[in-house]
Amino acid sequence: MLITELASRCDARAQGGDATQSIHSAADIMSAQAHQVTVLSDGKYKKHLKDTQASACFIAEALIDAEMPAGLTLLVCQDPEISFLNAVKLLHPEPVFKRQVSEHAVLADTATLGYNVHVGPFATIGQNSSVGDSSTVEAGARIGNHVAIGKHCHIHPNAVIYDNSVIGNHVIIHAGAVIGADGFGYKFRDNQHVKVPHVGHVEIEDHVEIGANTCIDRGALGPTRIGAGSKIDNLVQLGHNNIVGRNVIICGQSGISGSCTIEDGAILAGSTGVADHVKIGARAVVMARSGISGDIEPGAQVFGSPAKDRKVAWKELAALAKLPELLQKFKALEARVHKLEE
Amino acid sequence: MLITELASRCDARAQGGDATQSIHSAADIMSAQAHQVTVLSDGKYKKHLKDTQASACFIAEALIDAEMPAGLTLLVCQDPEISFLNAVKLLHPEPVFKRQVSEHAVLADTATLGYNVHVGPFATIGQNSSVGDSSTVEAGARIGNHVAIGKHCHIHPNAVIYDNSVIGNHVIIHAGAVIGADGFGYKFRDNQHVKVPHVGHVEIEDHVEIGANTCIDRGALGPTRIGAGSKIDNLVQLGHNNIVGRNVIICGQSGISGSCTIEDGAILAGSTGVADHVKIGARAVVMARSGISGDIEPGAQVFGSPAKDRKVAWKELAALAKLPELLQKFKALEARVHKLEE
Amino acid sequence: MLITELASRCDARAQGGDATQSIHSAADIMSAQAHQVTVLSDGKYKKHLKDTQASACFIAEALIDAEMPAGLTLLVCQDPEISFLNAVKLLHPEPVFKRQVSEHAVLADTATLGYNVHVGPFATIGQNSSVGDSSTVEAGARIGNHVAIGKHCHIHPNAVIYDNSVIGNHVIIHAGAVIGADGFGYKFRDNQHVKVPHVGHVEIEDHVEIGANTCIDRGALGPTRIGAGSKIDNLVQLGHNNIVGRNVIICGQSGISGSCTIEDGAILAGSTGVADHVKIGARAVVMARSGISGDIEPGAQVFGSPAKDRKVAWKELAALAKLPELLQKFKALEARVHKLEE
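Chains as they are written, first to last, in numbering that gives the first Met the number 0: chain A, 0 to 341; chain D, 0 to 341; chain C, 0 to 341.
Some hints could be false.
A pair holds if it fits inside one copy or across any two, identical chains being indistinguishable in the list.
With a cut-off of at most 27 Å between alpha-carbon atoms, the simulated DSS-like pairs for lysine-lysine come out as follows [as the list claims (entries may be wrong)]: (1) K310 - K45; (2) K330 - K310; (3) K278 - K314; (4) K45 - K97; (5) K310 - K43; (6) K49 - K97; (7) K88 - K321; (8) K307 - K45; (9) K310 - K278; (10) K88 - K150; (11) K194 - K314; (12) K186 - K278; (13) K328 - K314; (14) K338 - K321; (15) K338 - K328; (16) K338 - K97; (17) K314 - K330; (18) K150 - K97; (19) K43 - K338; (20) K46 - K310; (21) K194 - K88.
Keep in mind the hints are simulated off the structure, nothing from the lab.
Given the structure is predicted, the values throughout are model-derived calculations rather than measurements.
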């Protein structure tokens, strides 16, 4: 694609260099070569611009100055990240494969498929389940009974969706994810753990993405719910009856026990943990590896285990680094006081 | 089901309200509606009782007082949690599906199946493996060679059981769990990691439940063993040659390195970690996100990383919160001593 | 196998006992019985030697002394661990199964298989993908399109390898591992998380082992790479665009965010976490449960979250244990100073 075309299709204006060159792919600013396009979205990478071998670079007006390399075409735009992201999609289109229902899949006689549904080999779809228009169920995926999957969803290979799950539109579920297994609940009686029946289900709203090998347990009674637009990374554990709001971000290997409420726009960084029956307020940020044992206020930024306000937590950690010295200084001061007392 | 019938089948006595009403399902006390049954098992939720829309509520004698809502039928019983749990099972029976050995499964010619075994589509069962009466092997599950599975087991979709595993009766293995992969062991020689052969196996005793995507590695030599009645949550890593006792609870995302002994009734809360060759005593409790690097006494309750007695750990955390102020106070005290010395 | 033969095939010299006895299997020093071979590789287990029931024991010259049990044949060798490891392989050979391409697998018409390739039932291999000589693709494994798998690889059941992955020779990928799913990246615009397209891929070099249910995301642009000889345990999360060097060890449940560099020979113990864009130097050791937020020097040994030099971290933890007492002592000292001031 010519730089000129790329510019016009990605809301950018070509400036300098040779805009009649063709671009075949996208790369980051340090590894890009001739006939590649890159992006400068953060001023701290600006030093790499003068050495880039890229033919074109998306950039915001504000980052342009006199020292721009002469051979490079700048693609000046309002939102370089989004323009670049769109360029990547244009230059690296998803491969088109033949959509079909594999003769090697097993669909229950009461299962229903919308228009343009793809079902890969060895996938299974249970009784009374439905898959909406243009959705894809890849090889080896397991769709249980009474499962409703909306339109334009992508269920990746070997993902497992248990009975009664309800999945919206434009939902992506990556390989090996398990949606709707029993929650982990027992009552200890007569020297044995009596299993609490889990008769609830999982609800996943529109535009949610669920990472590979992530587990989302169904509710004991009622739903476990993931709100629209929320994104969940790989290897996350989301226990029974959690209610996750809209546009929530949960990063890799985080674990949320059960019956928690995570409000809209909250962010849980990697490997965080949340005790049960906790509420995390809207747009709160839980920093990586933190453990949450009580409610978090909307907008709060917390760190540590148990987590507290991140500034307080950092002050404590800074103080801890001085503690070994303090212990010595204290001994010395005690001796001085003892001398004064004599 | 009529309230009267529900009461008699769940060891309860109906009192008040209209016990001739029918109940169609169970719900928690805050979301229950008419024709639903709920439970009050913990006094702290008692405030919700007066507003509940439920038609009936399991309750212990001791929690009843004069202010009980008039329209509600109390289901008075000795153990409300267990009575309610049984009610949930009665009201939400597991769907009955046709049990069969799918024509789309592949069973080795030397594999043997008991009476009433169900094998789903695309499941595989290897040479010399056996599945006991009334057990279920769901779609896409992989049973290796020389595997013995007992009676009334439920192997969920896409679970993988490697060769030589021995599995008792009434065992549940959730989707995507991997039982019997190689342990992680190498010897570093001549600038390469030489793989330690793992020729042991995994033994899982009766009434064990293994969560989704959990991994239990086989022993290097001899078994990795999970004792009867133990329950393991999702995404747990249990390394080679661990010996887990009876009725042990291991919560989500915990990791036990290898060659550990976890004695009967111990509880490992979520995201705990255990170094190798450690013994955790009977009924010890390891609190969430703790890291265990040495033996834990029976009955101990530990917290932190590295973990110590929980009261000691909490005292230290409380002290840490005062440390930034202490550093300032110390400086002031030093100045006062200096002045006295002049 | 006779002890004499075992000795000669494992670079050892038989000394004492009855070397004409036969050995049928291997066991650890505490559980070994007659006709088993064991090993003493670490002096701290020497006390168990006098009670062992084993018929033979690999041992280094330096650990032999006058008190060796009379009935035991010592297998004296330079490297007891490696000699024993080889003995285990000889005594417990991997079962030979019939290698074939299952009639129940689905291979794209453009997929190519080398000589002696095994493909299990219900495996799938996509368009333009290749599997090299003597490699094994087990039941239910998913090999996407344009995937290159080298020779002597073992892809275990239900593992999933996404499109465009490049896998070297002698690579082991355990059950349920997911190679090449999308990285976790979004840009927040107009109240929604816009998905960053991931058009990169995963490269796995020779002699790498990937644990069960581990996830390795593909690069956004360019590769996520695992260098030759590196070993990754179960349930590890390796994010997009990480570059892992040669002979790196990453233990169970560790998580590496994205765009990190982990240099040759580094060791990440269990449940460690690494923030994005971090460099971990060659042969650095990150101790269990540590969290890395900044670059680590080659050869450094770090602990804690955020991690620092392990000796510094331990000194701080030791000081913390004295803090509750210090707070009390400080109050007492303040009172004494106050008295002096009067």
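Alpha-carbon proximity context of K194 and K88, limit 27 Å: Classified as between; 11 Å across copies, 48 Å inside a copy.
Status of K43 relative to K310 across identical chains (alpha carbons, at most 27 Å): So K310 and K43 pass the 27 Å test inside one copy only (25 Å; across, 34 Å).
K338 and K328: within-copy, between-copy, both or neither at 27 Å Cα: both (15 Å within a copy, 17 Å between copies)
Homo-oligomer pair classification [K97, K45; C-alpha up to 27 Å]: neither (43 Å within a copy, 59 Å between copies)
Copy assignment of K150 with K97, given that the CA separation must stay at most 27 Å: Result: close within a single copy only, 18 Å intra versus 30 Å inter.
K330 and K310: within-copy, between-copy, both or neither at 27 Å Cα: between (30 Å within a copy, 22 Å between copies)
Within, between, both or neither: K186, K278 at alpha-carbon 27 Å: Intra 24 Å, inter 25 Å, cutoff 27 Å: intra and inter.
Intra- versus inter-copy proximity for K45 and K307 (alpha-carbon distance at most 27 Å): Neither, since 36 Å and 31 Å both go past 27 Å.
Same-copy or cross-copy closeness of K88 to K150 [CA-CA at most 27 Å]: Classified as within: same-chain Cα gap 21 Å, cross-chain 34 Å, threshold 27 Å.
Up to 27 Å CA-CA - K278 versus K310, copy category: Both: 21 Å inside a chain and 26 Å across chains, each within 27 Å.
Status of K314 relative to K278 across identical chains (alpha carbons, at most 27 Å): Both, since 25 Å and 26 Å are each at most 27 Å.
Up to 27 Å CA-CA - K338 versus K43, copy category: Answer is neither; intra-copy 56 Å and inter-copy 50 Å both fail.
The structure does not agree with the numbered hints 1, 4, 6, 7, 8, 11, 16, 19 and 20 stated previously, though it agrees with the rest.
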